[in-house]
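Enquirer: Protein chains in written order, with the numbering used here: chain B, 24 to 189; chain D, 24 to 189; chain H, 232 to 729; chain U, 232 to 729.
Derived by calculation from the structure, the hints in this document are not laboratory data.
Values in this document were obtained by computation on a predicted structure and should not be read as measured data.
Every residue gets a Cβ at the ideal spot worked out from N, C-alpha and C, and that includes glycine.
Among these hints, one or two may not hold up.
[Said to hold, decoys possible] In silico DSS-like cross-links for lysine-lysine, where the CA-CA straight-line distance does not exceed 30 Å: (1) Lys431(H) / Lys155(B); (2) Lys296(U) / Lys235(U); (3) Lys76(D) / Lys355(H); (4) Lys101(D) / Lys40(D); (5) Lys431(U) / Lys491(U); (6) Lys431(H) / Lys76(D); (7) Lys235(U) / Lys76(B).
[Unchecked claim] Far from chain U, by Cβ distances over 10 Å, these chain D residues were calculated: (8) Ala137; (9) Val169; (10) Arg186.
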Amino acid sequence: MKLKLDSHSLELTPTGKSYMLKIDGQELAAEILRAENGRMELQLRQADGSARKVTAYVSSSGARRWVTLGGQTFVLAKSAGVGKTRASGHHTGGELVSPMPGQVRAVLVNPGDAVTKGQTLVIVEAMKMEIKVAAPFDGMVKKIPVKTGQTVEREQVLVELERAHE
Amino acid sequence: MKLKLDSHSLELTPTGKSYMLKIDGQELAAEILRAENGRMELQLRQADGSARKVTAYVSSSGARRWVTLGGQTFVLAKSAGVGKTRASGHHTGGELVSPMPGQVRAVLVNPGDAVTKGQTLVIVEAMKMEIKVAAPFDGMVKKIPVKTGQTVEREQVLVELERAHE
Amino acid sequence: MFNKILIANRGEIAIRIMRACQELGVRSVAVYSDADAEALHTRFADEAVLLGPAAPRESYLNIEKFIAAAKSTGAEAIHPGYGFLSENAGFAAAVKEAGLVFIGPPASAIRAMGDKAESKISMKAAGVPTVPGAEGLSALEQFLAAAESIGYPVLVKAAAGGGGKGMRVVRSAREMPEALESARRESQNAFGDERLLVEKYVENAHHIEIQVFGDSFGHIVHLFERECSVQRRHQKIIEESPSPLLTPELRAEMGAAAVKAAGAVGYQNAGTVEFIFDPSAASFYFLEMNTRLQVEHPVTELVTGLDLAQWQLRVAAGERFPFAQVDLTQRGHAIECRLYAEDVPGGFLPSTGPVLQFIEPRGPGIRVDAGIETGSQVSHYYDPLLAKLIVYAEDRPAAIRRMLAALRGTVLHGVLNNVDFLQAVLLHDDFAAGKVTTRWVESALAGWTPPVADFSALAAAALAEMSGARPQQSTASAEPDAFSPWKSGSGFRLGETR
Amino acid sequence: MFNKILIANRGEIAIRIMRACQELGVRSVAVYSDADAEALHTRFADEAVLLGPAAPRESYLNIEKFIAAAKSTGAEAIHPGYGFLSENAGFAAAVKEAGLVFIGPPASAIRAMGDKAESKISMKAAGVPTVPGAEGLSALEQFLAAAESIGYPVLVKAAAGGGGKGMRVVRSAREMPEALESARRESQNAFGDERLLVEKYVENAHHIEIQVFGDSFGHIVHLFERECSVQRRHQKIIEESPSPLLTPELRAEMGAAAVKAAGAVGYQNAGTVEFIFDPSAASFYFLEMNTRLQVEHPVTELVTGLDLAQWQLRVAAGERFPFAQVDLTQRGHAIECRLYAEDVPGGFLPSTGPVLQFIEPRGPGIRVDAGIETGSQVSHYYDPLLAKLIVYAEDRPAAIRRMLAALRGTVLHGVLNNVDFLQAVLLHDDFAAGKVTTRWVESALAGWTPPVADFSALAAAALAEMSGARPQQSTASAEPDAFSPWKSGSGFRLGETR
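Start from the sequences and build out the full structure, keeping to the hints where you can.
Expert: Okay, here's the thing in structure tokens:
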């Protein structure tokens with residue numbers, strides 16, 4: 024099985040009761056000693072023979088993987104197998120998105136308005152906190168697909184902006 | 024579904040999203056609000072309409088059922104459906120059984136020995152505690168199916184005893 | 232004592248109060264919004280009443296619905312918790328008017344302290360030191376003139392405020408107009424009141440507060456201090472007692488000032504007098520009084536050995552608070568860390584989602600006050616505080632070590648959170664030295680990023696991924712592991728051996 | 232401080248010590264028998280070493296194996312826990328001889344206190360009050376004569392003993408022969424030593440013990456008392472501090488006597504001096520000294536605020552114990568309940584089996600020291616102590632209420648246990664009145680039977696049974712419950728949303 028976690032390429036091959044694991048080209052032997060309810064006890068053996076027992080807590084939601092190990096938590100993004108690649112990141116050029124889920128508290132501009140860099144365009148409120156969404160550059164408001172009072176998701180587009188000709 | 028828990032006869036009939044439950048002839052409507060990992064939240068409604076929400080923790084092992092409710096734990100024995108009946112209890116007449124799992128520490132009598140009521144016949148040790156198994160009546164040792172050092176289970180026969188003719 | 236009370240709140244504080252009820256033999260009534268139908272606090276209570284839609288105004292901020300719920304369930308008293316309506320004098324008055332007991336101070340005390348401007352005036356009159364500033368202003372020119380005479384930087388804040396909402400630091404006259412506007416808007420939204428005041432902004436300030444407690448017989452004591460200087464976005468994230476800065480003399484002085492402040496408004500029940508502490512001058516100024524139980528009350532419970540939540544119920548039911556000031560002791564050291572659902576490197580913005588796993592840390596001296604469990608949903612409607620870890624140990628270094636162990640023992644998946652960040656704070660030399668001011672987080676840890684996954688973490692994630700394909704590979708145990716089954720549908724599970 | 236230590240024990244105490252290691256930055260090595268390969272303590276440590284077969288003699292009682300395990304893992308010290316070899320002077324000496332540190336008193340102190348007969352003689356000489364009795368006897372006639380001169384009832388007990396093993400009450404000469412024989416056999420089995428002594432049996436006795444602590448610089452203090460009178464089969468089941476019986480004067484007297492006793496044998500590290508307390512005469516007699524950490528040490532940790540397990544490591548590593556007697560305070564009230572795997576109505580006989588469910592109670596002031604988790608196996612090889620619940624509250628009534636809440640919040644399925652029985656004890660008027668003597672359980676609660684299932688419990692059991700037949704009936708929640716799957720085979724599960 025091949026998979027990609029963040030920028031790392033991983034390849035996993037069953038070998039009897041354990042696995043051969045290749046991470047970014049480096050090899051590792053891994054055995055699952057115990058696994059239940061999102062907890063795993065693993066034995067990891069490196070190429071030089073040194074072995075280590077670790078307990079990891081793992082969860083998954085969509086493409087997101089959560090791993091807690093040694094008291095630290097890592098959030099990893101799983102992408103399709105190494106063979107397939109997809110466009111990374113989201114297209115935000117010219118679009119201002121909500122930084123968090125919440126409610127639109129105020130829309131301070133109208134389509135067609137000229138705006139300057141740093142000017143507050145929309146205010147979103149979540150958990151009683153106000154977040155100002157400001158223009159990242161000088162330009163003109165093309166479209167405002169949301170209205171005051173509307174509930175928005177994280178990364179939902181709030182304002183479409185056209186960059187001023189420099 | 025019919026079942027017997029300890030001495031109680033229960034009958035359960037699905038009725039839409041809830042159940043009609045008959046316990047020893049008394050009727051009760053029961054709904055499962057939530058159930059996961061051995062925990063259940065139930066809504067119980069009596070014939071007079073009074074309703075009660077309870078949280079119960081339930082486990083099962085063989086014929087034994089464990090229920091914790093309101094801070095108290097009940098251990099119930101499930102027997103076959105009400106239709107079938109079976110001989111209740113175990114045949115212990117003349118047989119002395121181990122009161123707990125452990126190791127036979129000492130066998131103090133031999134087959135053929137005459138023994139008196141209260142006389143210690145076998146000593147079983149478990150968790151470093153000594154338990155004396157004594158004769159419940161005057162009699163004669165017929166058979167000793169265990170020997171010193173042997174591991175025994177709870178209710179395993181230790182001594183077969185013949186009652187003295189009175 | 233009451234037979235039954237209603238808890239007009241949600242999350243960890245509702246559960247905290249329900250635990251107090253359980254031990255006192257008082258039945259508890261929860262209230263919940265549509266978003267909280269499956270929430271932990273809803274299911275933890277003896278009974279639960281639906282208030283209405285998720286939006287706070289239609290549920291947790293609705294006075295009439297609380298009173299109706301109390302009436303319909305036969306509750307004799309209402310505990311407001313913190314936040315929401317806890318410092319709303321109108322709520323306290325309405326509860327009393329309805330023939331119920333408000334578990335907190337009299338409405339008059341809330342009113343006197345609730346207005347930041349008026350409370351400052353009355354505290355000055357009572358001889359409690361206050362921050363230089365001006366109240367009762369409205370026009371921009373008035374604010375500019377006041378700021379000029381106080382000297383920049385100044386703080387503009389909501390007269391009705393609290394919790395860092397409606398508060399802006401203004402460093403020059405140029406920044407004043409937008410600061411006033413946004414502070415007014417926030418204040419209007421949060422408190423329905425847009426009055427602002429202005430005061431000296433103390434640089435390198437520490438936030439030190441004194442817990443006070445009074446009964447209905449006029450007896451008021453203080454329960455020592457809490458140091459609450461570790462803040463981000465004007466909100467506390469770590470609190471402790473004792474403060475590493477106070478001498479016994481300063482502690483006694485501040486305690487006496489807090490008792491004086493509480494006495495001046497006829498205070499009853501639990502309250503907190505917040506002070507700005509200027510370490511360079513070892514001087515302190517009255518900031519505001521929080522007329523309710525604080526988020527960080529467990530820190531005081533651990534160093535004093537008292538159960539404040541239980542005493543709230545007891546004095547509200549008419550009991551005398553039996554301890555004189557000399558009976559009270561502050562022993563050992565306690566620290567609280569607030570677990571927030573937030574994206575730390577993304578500017579501490581709230582995060583939402585399902586709680587995929589929540590494992591609470593355990594061990595001697597570790598207390599967890601949680602409002603969530605595995606399976607809970609964190610929505611954007613309410614405060615992002617998920618749980619609090621509180622530790623007690625014999626001194627500050629031991630308490631820091633214990634808190635680090637507690638944080639390392641916490642598993643919280645599904646919503647971005649600050650568990651790793653809190654570890655970074657506790658491991659910082661400035662924290663160990665007690666040098667943390669209220670602006671410290673933004674400067675010292677501005678560039679903090681979450682730990683980067685090492686090979687072990689990647690290996691664990693990959694193996695977990697694989698398991699779906701090879702369900703029989705399973706565990707090393709000889710017997711089938713009856714306690715870890717997995718099924719894709721919705722189902723039902725009993726602990727069982729086969 | 233050490234880099235790594237080995238814990239020569241199992242169960243809850245091994246885990247307790249590992250937690251202390253974690254906070255002090257010390258790596259821990261567990262040891263385990265074949266029966267404990269999957270046990271909690273084996274998996275909790277940083278490393279684990281297999282000792283051998285399940286029988287204690289081949290594993291947890293094998294001195295050579297412990298030392299070999301320490302050597303092979305590079306551990307610098309060994310903590311013996313309680314039970315097993317913890318009071319074996321030969322073990323302490325062997326550890327020292329191997330160049331390792333024994334985390335406990337010197338072998339000489341263990342030896343001096345380990346022999347009940349000799350320790351009594353040396354305590355008499357040191358001026359510590361002792362129970363009238365006779366030591367060094369062997370023939371039946373000698374025991375009969377001694378009992379005659381002391382007056383019946385007398386207690387025959389193992390000279391090498393502890394924990395109620397090898398102990399018999401003898402109420403008349405007629406009972407003496409069998410008592411001697413069985414006590415000798417138990418003593419031989421448990422301690423490899425069959426010497427017995429005889430002493431006055433105090434009726435209505437309370438068992439009160441004093442915690443002592445010493446460092447390697449000759450500084451010894453006491454940490455107040457624990458009342459341990461709630462016993463069954465001569466074993467404690469509930470302990471508390473303070474004792475409801477002691478006056479400040481008696482407490483000081485007993486504390487001073489305990490320090491004197493410890494000083495007389497050059498004691499270091501944690502130890503406990505046990506006294507028989509006769510409430511009718513308000514007099515106390517030295518019973519024995521336990522030269523190790525006690526099961527009930529958490530009670531003292533909670534009322535004093537000190538972490539005894541951590542201090543054990545610290546003084547063993549050469550640190551000074553910095554507190555003088557006047558620095559130590561006993562505040563509030565702590566109670567411990569021992570959760571035993573036992574069949575209470577069946578004469579408290581041990582029970583074995585798989586732990587189908589174990590849910591620990593939570594809440595402010597509740598501490599759980601557990602050696603098991605859901606899925607653990609309870610075997611007949613070892614002590615039936617599964618876990619300890621310990622609570623702290625401001626006074627005794629509040630602590631009793633809190634412990635009741637903790638017991639009601641405990642779920643323990645799969646092995647018969649005493650959770651319900653402990654509730655009956657705590658709810659009893661005699662317990663509330665502090666009138667419980669060491670023989671109280673057998674008389675006052677002799678007829679106790681477990682609660683009888685009501686309709687709700689029967690309904691729950693029936694519905695759980697049914698669920699297998701209707702897996703889709705499921706929950707009220709709108710979304711699929713991803714956190715409660717069930718599968719019959721052995722499997723693998725991740726927290727996941729779909």
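Enquirer: Decide, hint by hint, whether the structure agrees.
Expert: Taking the hints in turn, this is what the structure says about them:
no.: 1; hint: Lys431(H) / Lys155(B); in the structure: 26 Å, holds
no.: 2; hint: Lys296(U) / Lys235(U); in the structure: 17 Å, holds
no.: 3; hint: Lys76(D) / Lys355(H); in the structure: 53 Å, violated
no.: 4; hint: Lys101(D) / Lys40(D); in the structure: 25 Å, holds
no.: 5; hint: Lys431(U) / Lys491(U); in the structure: 23 Å, holds
no.: 6; hint: Lys431(H) / Lys76(D); in the structure: 55 Å, violated
no.: 7; hint: Lys235(U) / Lys76(B); in the structure: 17 Å, holds
no.: 8; hint: Ala137; in the structure: 19 Å, holds
no.: 9; hint: Val169; in the structure: 15 Å, holds
no.: 10; hint: Arg186; in the structure: 24 Å, holds
Violation of the numbered hints given earlier is confined to hints 3, 6; the remaining hints are satisfied by the structure.
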